[in-house]
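Modelling step: build the complete structure from the supplied sequences, incorporating the hints.
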Amino acid sequence: EDQVTQSPEALRLQEGESSSLNCSYTVSGLRGLFWYRQDPGKGPEFLFTLYSAGEEKEKERLKATLTKKESFLHITAPKPEDSATYLCAVQAGSNYKLTFGKGTLLTVNP
Amino acid sequence: DVKVTQSSRYLVKRTGEKVFLECVQDMDHENMFWYRQDPGLGLRLIYFSYDVKMKEKGDIPEGYSVSREKKERFSLILESASTNQTSMYLCASSVTSGRERYEQYFGPGTRLTVT
Chain A
1 EDQVTQSPEA LRLQEGESSS LNCSYTVSGL RGLFWYRQDP GKGPEFLFTL
51 YSAGEEKEKE RLKATLTKKE SFLHITAPKP EDSATYLCAV QAGSNYKLTF
101 GKGTLLTVNP
Chain W
111 DVKVTQSSRY LVKRTGEKVF LECVQDMDHE NMFWYRQDPG LGLRLIYFSY
161 DVKMKEKGDI PEGYSVSREK KERFSLILES ASTNQTSMYL CASSVTSGRE
211 RYEQYFGPGT RLTVT
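For the record, the sequence lines run as chains A and W.
So in our numbering, spot 72 of the first sequence is number 72, and the numbers just go up one at a time.
So in our numbering, spot 9 of the second sequence is number 119, and the numbers just go up one at a time.
Each pair of labels, with its calculated beta carbon distance range:
1. Gly126/W with Pro40/A: 26 to 32 Å
2. Gly29/A with Glu166/W: 16 to 22 Å
3. Thr107/A with Lys123/W: 29 to 35 Å
4. Asn95/A with Asp148/W: 22 to 28 Å
5. Ser28/A with Asp148/W: 25 to 31 Å
6. Asp148/W with Glu1/A: 17 to 23 Å
7. Ser52/A with Thr206/W: 16 to 22 Å
8. Lys123/W with Ser19/A: 39 to 45 Å
9. Arg31/A with Thr115/W: 25 to 31 Å
10. Asn95/A with Thr125/W: 31 to 37 Å
11. Lys128/W with Thr67/A: 44 to 50 Å
Calculated directly from the structure, the hints in this document are not laboratory data.
We put the CB at the ideal spot given by N, CA and C, even for glycine.
Below is the structure:
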């Protein structure tokens, strides 16, 4: 069974304090790893797809990386508007189902 | 930009009522999904559809059914709503082919309360 574990569950940062969120996974035949951002009371917003170990993607202050066992979402010099829950999901096998982690709640204080 | 819309943001229903949640996507995506999201449990897949009139059970299909009569529209039906179906319901869609084929795009969600 595919498993996705995100850590920490919650992270509180000061504005400008860089850090990383972790997503570790156990799947057979990874086809893609996905990062989403979710604001309270809203649907998840797609951020990145990573397909193979060594791949990196960047968007503004966010950078996602992938190894064979885990992915990191690095947040450089975060701002209060980066506060959200960040979700990680994996796709493996032949269907289109995603398996989601439970998310990391990020709070950035001004 | 992909746009996925859901019929209601908030819904309050009584126990035993039949409830319809509707989802529409405007990007000609073949695949559509229904999830529920609960604190501490994350997102759980209820049903998905990979073509018109086709459906497959997800991880928690009990108490739910779905309908997909048109490519752009996917409905979730609670035949007889119960209080344990109080949750945030999220619809998503994705394409079947190409490098982006597993990327799912979500709607804004429907917060359903069953009293």
